[in-house]
Structures are given as C-alpha cells and as structure tokens.
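Student: Letter by letter, the chains look like this.
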Amino acid sequence: MIRDPYRLRRRSLLTGAAAAATLAAAAACGDDGPAGTADDPIEISFEWWGDENRAGITKEAVDLFMSKNEGIKVQTNFADFPTYWEGLTGRMASRDLPDVFQMDYSRLRQFGSSGMLLPLEGVVKTDDFREGFLDTAKLDGQLVAVPIAGNTLGLIYRADLFDAHGVAAPAPGYSWDEYGADITTLTPQMGEGKWGGGDWCGQYHFMELWLRQQGGSFYTEDGKALNFEAAQLVEWWGTSAGLYEAGMVPPVETTIEWVEGGLVQDKLASEIGWDNFMPSFAPPVEELGGTLALAAPPSLDPSNLGLYLKPSMQLVISGATEQAEAAAKLVDFLLGDPEAIAILGTNRGVPATNTGLENVEIDANTQGVLDYEESVAQYLTTPPPAPPSATGAIEVKFGEIYQQVQYGEMSAQEAADLFFTEAETLLAAEQ
Amino acid sequence: MSATAAPRVIPRRKRTPAERVKSLVWHVALLAVLVVVLYPAFWVLTASVKENSDILTNISPIPTSITWDNFTAAFDGMAGVPLWRFFWNSFVIAALSVVGIVVSCSITAYALGRLEFPGRKAMFAVVIATLLLPGQVMLIPQYLIFSEMDVVNTIFPLVIGKFLGLDAFFVFMYVQFLRGIPRELDQAATIDGAGHFRIFFSIMLPLLRPAIVTSSIFTFIWSWNDFMGPLIYLHEIEKFPLPRLLQSYNNTEGVSNYGGMMAMTLLSLIPVVLFFLVFQKFLIKGIATSGVKG
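The listed protein sequences derive, respectively, from chains F and B.
Sequential numbering of the first sequence, starting at 203, is according to our numbering.
Sequential numbering of the second sequence, starting at 31, is according to our numbering.
Keep in mind the hints are simulated off the structure, nothing from the lab.
Do not take every clue at face value.
Stated by the list, open to error - Stretch by stretch, here's where chain F covers chain B in the computed footprint (C-beta under 8 Å, at least three residues):
| id | region |
| --- | --- |
| 1 | 78-88 |
| 2 | 295-309 |
What the hints assert, rightly or not - Residues from chain B that face chain F, not an exhaustive set, calculated with beta carbons under 8 Å:
| id | residue |
| --- | --- |
| 3 | 68 |
| 4 | 108 |
| 5 | 285 |
Values in this document were obtained by computation on a predicted structure and should not be read as measured data.
Beta carbons: idealized from backbone N, C-alpha and C, even for Gly.
With these hints in hand, go ahead and build the complete structure from the sequences.
Tutor: Below, the structure written as structure tokens:
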C-alpha cells in the first residue's frame with residue numbers, strides 16, 4: 203500500500219528531509235510492481251483481538267508463515283476486543299483496514315455490507331471446513347469470511363458443587379424452571395456472597411436462544427427489525443424475576459462491580475455462556491479446587507434447544523487490499539497448515555477445519571467442549587442470518603435497560619417499551 | 031560590621047502543650063490522608079507479586095504467597111518483541127514530544143505575547159478556541175489526512191502536532207508566563223542592539239525556564255501514558271509503546287493477567303517518576319534564580 207510513487211512524492215513535500223530516506227528506499231524497491239522476493243517482499247498486515255498469550259503464539263505462527271513464504275512480510279497488530287473495534291471503526295472511514303483481520307459475527311454485516319470485505323469464493327480454500335460452519339460466513343449469499351472456530355451456548359457449571367449439594371447434572375431438555383429450582387437448592391447451601399447461578403435475563407443472546415426454542419428469532423430475516431413483541435420481552439424478563447427477588451441470583455449492585463466472571467471468582471456455581479469459554483475459565487477454577495463441566499442450556503421444549511453453531515471468530519480479507527493473493531495464502535496457512543495449527547492450538551477455539559481438528563493437541567477441557575458439542579449435535583439447527591450492524595449497540599442497551607429493572611427503577615413493561623424505542627432508533631439509524 | 035559577626039540566632043519559642051497536641055493531631059490526620067492516597071500504589075506493588083488467582087479472590091493487599099513470575103514474564107517481553115523495545119518506543123515518542131512542545135510553544139508564545147502584528151489578537155483567540163475542540167471530533171479527519179499522506183504506522187502523526195505548536199494549552203501557559211516578564215528587559219536589550227532572535231534566545235528563553243520545565247513534565251507524562259494515539263496510528267507490535275503492552279494483559283474473553291499487568295505497571299512507572307524527580311529539581315532552581323525585581 204505504500205508502493206505508489208505519487209503518494210510518496212506528496213509525502214516528501216510535507217516531511218522534507220525525512221522524505222529523502224523514503225525516496226531512496228522507494229528507489230531501492232523499484233516500481234516494477236509487487237515482486238515478492240526476499241529482498242523486495244510484498245507487505246501485508248494481519249490484525250486480531252486478544253491478549254498477550256494469543257499474540258505470542260500468533261506471532262510464532264506468522265513467523266513460520268514468513269519463513270515458508272520468503273517474499274511475503276506480515277505486519278502484525280492486536281488489541282483486546284473492545285479496543286480492537288474502536289481502532290478499526292476509526293480506520294474504516296479511510297478504508298485503511300488491515301489486509302487480513304479477525305472478524306466477529308456481530309460485526310460481519312457492518313463491514314461486509316459497506317463493501318469493506320473481499321468476496322472469498324475461489325480466493326481461499328473452502329473445501330475443508332467442518333459441516334455447517336460456512337453457513338454463517340455468508341452475507342446475502344456471498345462468502346465474505348471464513349470461520350476460525352465455532353461455539354454454541356451451554357451451561358457452564360461447577361460439577362463439584364452440584365455434586366456436593368445434591369443437584370443432579372443437568373441433562374439436555376430440562377426446563378428453565380428446573381434450572382431455577384436447582385439454583386434455589388444451591389444458593390442457600392453455598393453461603394454468604396455465593397450463588398447457584400447468575401441472572402440470565404440481561405443477555406440478548408440468551409433471549410435469542412429462548413425465542414428460538416419457541417420457533418422465533420431475535421431479528422427479522424432481513425435484519426432490519428426486531429422479530430418479537432414487547433410482551434414477550436416482559437415474559438422473558440419474568441423468567442428469573444422470582445429468583446432475583448428471593449436473592450437466589452446475585453444482585454445487580456454486586457455484579458456491576460465484577461471485573462471478572464462469577465465462576466473464576468468462585469462466586470457462582472453455574473452460568474449460561476459460550477461453551478468455548480469453558481477451557482479458559484477451567485484453570486483458574488481448578489486452582490480454587492473446583493471442576494467445570496458443560497451441559498445443554500435450559501429449554502422450553504425438550505426437542506428444541508434453540509442451539510446453533512456460531513462462528514466465534516472469523517478471518518476476512520479487506521476489500522481494499524492490493525495483495526489479495528498473499529492475504530489468501532496467509533488465511534489458508536493459519537487455518538490449514540498442520541504446523542501452524544499445532545502452534546495456535548485451541549487458543550481461538552476448536553478449529554473449524556478438518557485438518558485443524560486432526561492436528562490440534564486437545565487437553566481435557568477442550569475435549570469437554572468437543573464432547574459437549576457432540577452431545578448436542580442433534581439439536582443444532584439452522585443459524586439465524588448475520589445480525590444487523592447495530593447489534594453491538596442493541597446488545598449493550600439490552601443489558602443496561604435490564605439493569606434498570608433489576609434496580610427496581612422501572613417496571614418490566616416500561617423497560618420493554620424503552621428497549622423497543624431505543625432498538626428501533628438504532629436499527630433505523632443504519633438504514 | 032565586623033567580618034566575624036556570629037550568625038544571628040533566633041531563639042525558638044517554647045510551644046505550649048495545647049499547641050503540641052494540635053500539631054500532633056494535625057500530623058496524624060495528614061498521615062491518615064497520605065495512607066489513603068498511597069493505598070492504590072501499595073496495592074499495585076503487592077499485587078505484582080501475587081498469583082493471579084490470589085488477586086482475583088483475595089481482597090487483602092497482603093499476598094498469601096509471593097511469586098516473581100509476573101516480573102520474569104514481563105522481562106521476557108511480548109510476542110517475541112523484547113521488553114526494552116517497548117520502553118524505547120515510548121521514550122522516543124515522549125522525548126520528541128517534549129522537544130517539539132518546548133521549541134514550538136515558546137516561539138509561538140513569543141510571537142503572540144511580545145510581537146505586534148496585525149491580527150495578533152484574533153490569532154491568539156483562534157489558538158485559545160482550539161482548546162475548546164474535543165479531540166474525539168478531530169480523530170477521524172486527522173486520521174484521513176495522515177492516511178492520505180501515507181504516514182500512518184509511523185510516529186509522525188503522534189509527534190508532528192507537538193512541533194507545530196498545536197498544543198494551545200501550553201502556548202497559553204507560555205504567553206501568560208511571558209506577560210509576567212517585565213518589558214523593560216526587552217527594551218534594555220533593544221537599546222543594546224539586540225534583535226528579536228537575540229532577545230528570544232538570550233533573555234526570554236532563560237527566564238521561561240519554569241514554564242519549560244512544567245510543560246516538559248506534563249508533555250512527557252501525557253505522551254508516556256497516551257493510549258488512543260498509538261492505538262489508532264501504530265499498527266505493528268514492534269512499534270507499540272508501553273500503554274499498548276499494558277493493555278495486552280487484558281483479556282475480555284477469559285481471565286485477565288492482572289499479575290503481569292501490575293508488574294508491568296510498576297516497571298513502566300519508573301521512567302516517569304525519574305523524569306519527574308529530575309525535572310522538578312530544575313523547576314525549584316528555576317524559580318529560585320529567575321526572580322527579577324521590576
């Protein structure tokens with residue numbers, strides 16, 4: 203992207219002396235297009251979200267890629283999830299996106315619908331993905347992303363505490379009421395400042411699950427509106443109201459101060475969540491002397507758990523890239539090279555490719571996730587279409603407004619009406 | 031007066047018991063406030079030698095067991111990039127910022143505070159008005175400009191503003207300071223045949239010392255701690271300054287490495303504290319030596 207001589211000239215006027223060096227460098231590079239040799243490498247950039255551990259192994263895999271592909275130099279950059287998106291959305295305005303970057307399903311439409319992403323059909327390898335994975339990589343029928351790994355919802359619970367307090371391991375098909383009853387058994391036995399489970403009502407993903415269990419969905423097919431009534435929202439918020447009033451789930455005054463999940467802090471015995479989070483929660487819980495396990499989430503209908511396989515992370519290529527070929531090579535390498543997969547491990551989740559699954563080293567906790575996904579495979583149904591761009595903001599509003607209900611500042615009915623007004627404004631703003 | 035006159039000794043007045051009690055209470059209260067103020071720093075210090083699970087579950091600042099792993103991990107750097115590299119990156123940006131601010135703001139302030147030219151007042155008003163413009167508003171337009179200039183992913187966007195006197199706050203501070211310096215000094219120099227350059231370099235600059243030191247301290251600390259700028263403009267791990275490294279210990283999907291974060295926080299505080307201590311000396315000296323009686 204910096205091989206344009208006119209741009210260099212403009213810069214040289216502005217930066218004076220510094221440009222002399224740049225021009226010399228440009229002259230050294232020559233203008234005969236992307237040569238891609240060791241002396242004159244093609245430069246591509248790759249960015250992702252995550253922490254320093256992920257950065258370490260990703261960098262290692264990228265170094266391996268560079269040593270196997272001599273003419274390509276990869277520039278790497280990362281930040282944690284919220285910061286990553288802050289940075290990228292700022293850069294979106296000038297279409298200055300990295301050549302390859304990590305994508306979240308909830309942002310796919312925002313980037314994909316504005317033509318920021320390169321259509322990947324025929325560009326990257328697509329023949330090795332595990333079944334059902336590519337469905338969620340398409341936007342209006344066009345493949346714009348490839349999944350790195352997938353996840354689905356589940357109940358992450360402390361097997362040791364359930365056992366000690368005489369609660370049977372939840373079997374697929376148990377109801378929300380039964381889960382509530384389990385929490386009611388657990389909380390009083392666990393002592394002050396600890397609870398049997400968390401309040402599930404503030405997460406829109408869980409409501410989506412609940413709606414899917416009734417054959418519904420959160421957004422309409424075209425992603426332009428909410429696909430449920432305010433009355434249903436009131437009903438959903440009612441599912442944990444009894445537990446909340448009885449103090450069986452932690453109060454908002456407490457949870458608002460948590461900077462880490464209740465499970466790793468030894469304060470919760472169970473929590474609905476994404477199954478791929480379990481392996482990262484398990485080590486700290488083991489240090490506390492506990493064991494985590496996965497079970498299906500509660501359901502309204504024993505034959506329909508509402509589950510679907512969601513890509514937890516995807517890789518995309520910028521539509522503005524000048525090095526599509528090199529970018530595609532990197533994507534194929536990260537997802538399909540046995541050595542790269544061995545380095546990357548399950549840090550981003552259980553690999554989405556068959557090669558990945560065969561070459562990855564799997565520890566007991568990751569095996570637990572695989573076993574869980576295997577056990578609910580028969581319940582996995584068609585995923586909803588990619589959510590609207592506003593979904594991130596709607597998710598935040600959903601949680602904030604539910605907090606008002608928890609604080610008792612609003613009735614569920616008032617809060618539901620407020621949520622509808624807010625969500626409709628957010629959805630209208632993007633059209 | 032004889033040259034050997036003994037220094038005059040002022041006899042110390044004996045304090046009454048009531049005064050002693052008052053003084054004692056006062057000092058105890060001050061110490062209590064100090065404890066409150068220093069508690070977070072103390073917490074960081076002890077958390078840096080705690081196990082991560084200990085930080086999460088043990089509220090007490092006293093660690094249940096001491097580990098140095100956080101520090102050894104911090105000294106190993108991140109993602110194959112050595113630790114000194116992050117310090118160096120931070121240092122280069124901070125040092126260039128300090129130089130830029132001192133050079134550009136003092137010259138700008140001299141022009142606005144001492145020279146007479148048409149539109150001076152209006153220009154000064156414009157400079158001050160930029161103080162009212164929130165940075166977020168300018169973020170995207172600025173990014174577009176730097177992106178067009180193809181200088182993104184270099185430190186150029188982070189320091190160029192400092193060299194162009196864009197920090198209105200410091201320009202204002204320098205101007206205010208200049209106004210306090212008597213005009214008679216300039217006039218005396220003019221009579222001796224000095225031009226503006228001579229006046230600026232030989233008279234104003236030495237007298238501006240407290241302003242220079244103050245602005246240097248602030249600029250250094252602000253750019254050392256700046257996160258948003260490097261996040262937006264630097265797209266390569268090798269170019270990360272320390273705040274980006276610190277942030278990488280955060281993990282929104284799993285469990286954050288608080289131990290590492292605390293250890294690294296302590297390490298990254300050292301240069302700032304040193305810088306402050308050294309420059310603070312200049313500050314005191316500056317005030318002591320620049321007293322001019324009009």
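Student: Looking back at the numbered hints, which does the structure fail to meet, lowest number first?
Tutor: Hints 2 and 3 not satisfied by this model.
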